[in-house]
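A.B. asks: All chains, please: the whole structure from these sequences, using the hints.
Listed below, chain by chain, are the residues.
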Amino acid sequence: MNMAMTNVAAGQYAIPRRVGSHRARAVTNGVMTGLCAAAVALALVPLFSVLWLVVSKGIHSLSLSFFTKLPAPVGELGGGVGNAIVGTLFMVGLASCIGLPLGVGAGIFLAERGDGKLGHVVRFTAEVLAGVPSIVVGVVAYGLIVLPMRHFSAMAGAVALAILMIPTLARATEEMIRLVPRSLREASLALGVPAWRTSLSVVLRTALGGLINAALLAIARAAGETAPLLFTALNNQYWNLHPLQPTASLTVQIYNYAISPYEDWHDKAWGAALCLLILIGGLSLIARLAAGRRSQA
Amino acid sequence: MNVALSTPVADTARPKLEVQKLDAWFGNVHAVKDISLGVDARSVLAIIGPSGCGKSTFVRCLNRMHELTPGARSEGRVLLDGEDVYAVDPVYLRRRVGMVFQRPNVFPTMSIRDNVVAGLRLNRVRADYEAIVERTLTQTALWDEVKDRLDASAIALSGGQQQRLCIARALAVEPEVLLMDEPASALDPIATAKIEELIDELKQQYTIVIVTHNMQQAIRISDKTAFFYMGVLIEHGTTQQLFTRPERRETEDYVTGKFG
Amino acid sequence: MDKGHTSREFDRELRTLRDRLLAMGGRAEEQIARAVQALVKRDDTIAQAVIDADATIDQDEIGIDELAFLILARRQPVASDLRFVMLALKVVTDLERIGDLAVNIAKRVRDLMRFPLSPMQDRIELLAERVLGAVQLALDAFVHGDAERAEKVIDGDVDIDALNMHVIADVISGGDVNDAHTVARALALSSVSRYLERIGDHATNIAEMVIYFVRGRDVRHHWPRPRG
Numbered sequence: 001m002n003m004a005m006t007n008v009a010a011g012q013y014a015i016p017r018r019v020g021s022h023r024a025r026a027v028t029n030g031v032m033t034g035l036c037a038a039a040v041a042l043a044l045v046p047l048f049s050v051l052w053l054v055v056s057k058g059i060h061s062l063s064l065s066f067f068t069k070l071p072a073p074v075g076e077l078g079g080g081v082g083n084a085i086v087g088t089l090f091m092v093g094l095a096s097c098i099g100l101p102l103g104v105g106a107g108i109f110l111a112e113r114g115d116g117k118l119g120h121v122v123r124f125t126a127e128v129l130a131g132v133p134s135i136v137v138g139v140v141a142y143g144l145i146v147l148p149m150r151h152f153s154a155m156a157g158a159v160a161l162a163i164l165m166i167p168t169l170a171r172a173t174e175e176m177i178r179l180v181p182r183s184l185r186e187a188s189l190a191l192g193v194p195a196w197r198t199s200l201s202v203v204l205r206t207a208l209g210g211l212i213n214a215a216l217l218a219i220a221r222a223a224g225e226t227a228p229l230l231f232t233a234l235n236n237q238y239w240n241l242h243p244l245q246p247t248a249s250l251t252v253q254i255y256n257y258a259i260s261p262y263e264d265w266h267d268k269a270w271g272a273a274l275c276l277l278i279l280i281g282g283l284s285l286i287a288r289l290a291a292g293r294r295s296q297a
Numbered sequence: 001m002n003v004a005l006s007t008p009v010a011d012t013a014r015p016k017l018e019v020q021k022l023d024a025w026f027g028n029v030h031a032v033k034d035i036s037l038g039v040d041a042r043s044v045l046a047i048i049g050p051s052g053c054g055k056s057t058f059v060r061c062l063n064r065m066h067e068l069t070p071g072a073r074s075e076g077r078v079l080l081d082g083e084d085v086y087a088v089d090p091v092y093l094r095r096r097v098g099m100v101f102q103r104p105n106v107f108p109t110m111s112i113r114d115n116v117v118a119g120l121r122l123n124r125v126r127a128d129y130e131a132i133v134e135r136t137l138t139q140t141a142l143w144d145e146v147k148d149r150l151d152a153s154a155i156a157l158s159g160g161q162q163q164r165l166c167i168a169r170a171l172a173v174e175p176e177v178l179l180m181d182e183p184a185s186a187l188d189p190i191a192t193a194k195i196e197e198l199i200d201e202l203k204q205q206y207t208i209v210i211v212t213h214n215m216q217q218a219i220r221i222s223d224k225t226a227f228f229y230m231g232v233l234i235e236h237g238t239t240q241q242l243f244t245r246p247e248r249r250e251t252e253d254y255v256t257g258k259f260g
Numbered sequence: 001m002d003k004g005h006t007s008r009e010f011d012r013e014l015r016t017l018r019d020r021l022l023a024m025g026g027r028a029e030e031q032i033a034r035a036v037q038a039l040v041k042r043d044d045t046i047a048q049a050v051i052d053a054d055a056t057i058d059q060d061e062i063g064i065d066e067l068a069f070l071i072l073a074r075r076q077p078v079a080s081d082l083r084f085v086m087l088a089l090k091v092v093t094d095l096e097r098i099g100d101l102a103v104n105i106a107k108r109v110r111d112l113m114r115f116p117l118s119p120m121q122d123r124i125e126l127l128a129e130r131v132l133g134a135v136q137l138a139l140d141a142f143v144h145g146d147a148e149r150a151e152k153v154i155d156g157d158v159d160i161d162a163l164n165m166h167v168i169a170d171v172i173s174g175g176d177v178n179d180a181h182t183v184a185r186a187l188a189l190s191s192v193s194r195y196l197e198r199i200g201d202h203a204t205n206i207a208e209m210v211i212y213f214v215r216g217r218d219v220r221h222h223w224p225r226p227r228g
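The listed protein sequences correspond, in order, to chains L, V and A. So in the numbering used here the end of the first sequence lands on 297, straight run, no missing numbers. So in the numbering used here the end of the second sequence lands on 260, straight run, no missing numbers. So in the numbering used here the end of the third sequence lands on 228, straight run, no missing numbers.
Honestly, the hints are just simulated from the structure, not real lab data. Careful: at least some of the hints might be erroneous.
[Claimed, not checked] Derived contacts from chain A toward chain V, CB cut-off under 10 Å, selection only:
id, residue
1, His5
2, Phe10
3, Phe69
4, Ala73
5, Arg75
6, Gln76
7, Val78
8, Ala79
9, Leu82
10, Arg83
11, Glu208
12, Arg215
Each residue gets a CB set at the ideal place from its N, CA and C atoms; glycine is no exception.
C.D. replies: Quick look at the structure:
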């Protein structure tokens, strides 16, 4: 630095040798790249250890009957988590039916009309809601649905999951729609297309890839929730597809198995965890593929 | 030179587009101040002036795109064939007064074919789409370049091709007036020359108002030129007169580059 | 040109063009003046000097043409700049022709020196004086961008034409037709007169271009003041 300043003062604009030498820069570059690589490796350690642990401990439990059978009592061989898989899919499906239209709708509102006072209120609410711990959402659903109906139910679990989906989905939708260049909207309006049709046929259509991605990620996240289901859907040892009955779910099943004192239930917890991992991984993969295909098109 | 600068034969007494005492604001910014001028049918009016002189805002008032900007408003009258455009539904107005923007804005999710007929399809207008695609793409000299890949995505085209596609898309709705907001400013010289050639062709059928930063372009393509400065119409006359012997000192200084 | 172009280089080019044009105009004016001087003083040396100096004016013409073309190609001038370059391209041709005519006069002066002084000498000197004045006034109008002075040049051309007609008529009627010397002298004298008259025409051309350049614009108005 000093050298550089004296050089400038002397009116010589030659690059100072010590600062700019090729070797020095190469060394700095190498060290920095190495540090970055180390940080990446460090971050990957827990990720891979979780994956390794779940796969190595859960793989033994997996069999066809594990996916299709009801849970077996303690000490009995066999049995599965079929009802929990179906329950998770059922509740996540129900939650999506409630949460997707609301979340995407709110996002469209924020993007199109969100510059007013109401928009700010909605946006602030969504942000606060996104930060609320999921167990609190579970308690709220318990108070709102389970208590008045005097019954744990799949519907109560779905509502809790939907409440978790809505704020993130709304914000993601808003972002996606705002990413659509204003010029496209103007192009459509300048062709004499009404504003509402422009929003639907041009703006939403352009943002569709991002929307699908955001929705799938929200669904995957909901599928991995345990806490909100504890006081809402509770659990069920049998098959259930009735929305007003308690329903099993993979996450609660894992929780129950894991806190039990029995060795073979612990194994089953690992198996169920692997199941959940595959389910969520599959959803994320679909989201990735969908997004990739859209961006290439 | 002679062709471009010759004044068009006035076939109607009343101008196609007549602007009377137009003012436009963005919030508190008075962007267009008391502008009155007429545009003859089947002629090209070029609007020149330094950045921020209100020329884009002025043009956007003509098809009521200006009012879509939050906080924007305008006063005064714009008559299209004698009818006040502020008294009709802007959606229908924009089908009569088409617009081409500075940067090509093709619909990225649509094919070339769908882009051309987007204005018709989105408005549920039934027509012979195939014939319109071929006609407008031929008009814009794009047909030979894209006829074998009409179903390919429009964003695969080059910038110049995209801009000509945007013009074809605007023409497909069959407007009477075409507004162009610096349509060639983002293009290379060859693509620019093609657009200019196209404007010369389109003049036979349409009334064109073009905003341009490029004075040589204004000289080449327009019949009349209007010079805007700080939202005010300083001078409006035939292109030949404005660029050889401007009446106002401000115009003289601007066109000769003695600005600021 | 009270306000400079944003491009300083463009300003310099236009100024160079103007300076060279003025230098060439000065040289052309000097050529006429010296040709007239040779005529009055019957001085062979001066006449020869005029003939020799013409090459410089031809060089001026080539240089100015090149510069004007360069400016046209590089700047695509419009409005007053365009009119100025057009003025330069036209005036340069007139100045070059004036130079050629001065040479022609000098050559006729050398012929005339073989004969005794003509009685028409005074008339021709008067014509020469008028023509020189017209050229000076035209160049003056150019320097100052003064259309009124240019108009005077155009008005004065009628007198020059009339004077020329008189000189030629008198030269032809006044001489002894049978004297070969007198006939040759009359031919040379009427040539000089005609050359002078043509120089006057070129001065008129220059004056007309100056008027086109100046009157092309009206500078009554001013820039709108920024509000707020």
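A.B. asks: Which hints from the list above does the structure break, by number from lowest to highest?
C.D. replies: When the structure is compared with the hints, numbers 3, 4 and 11 turn out to be violated.
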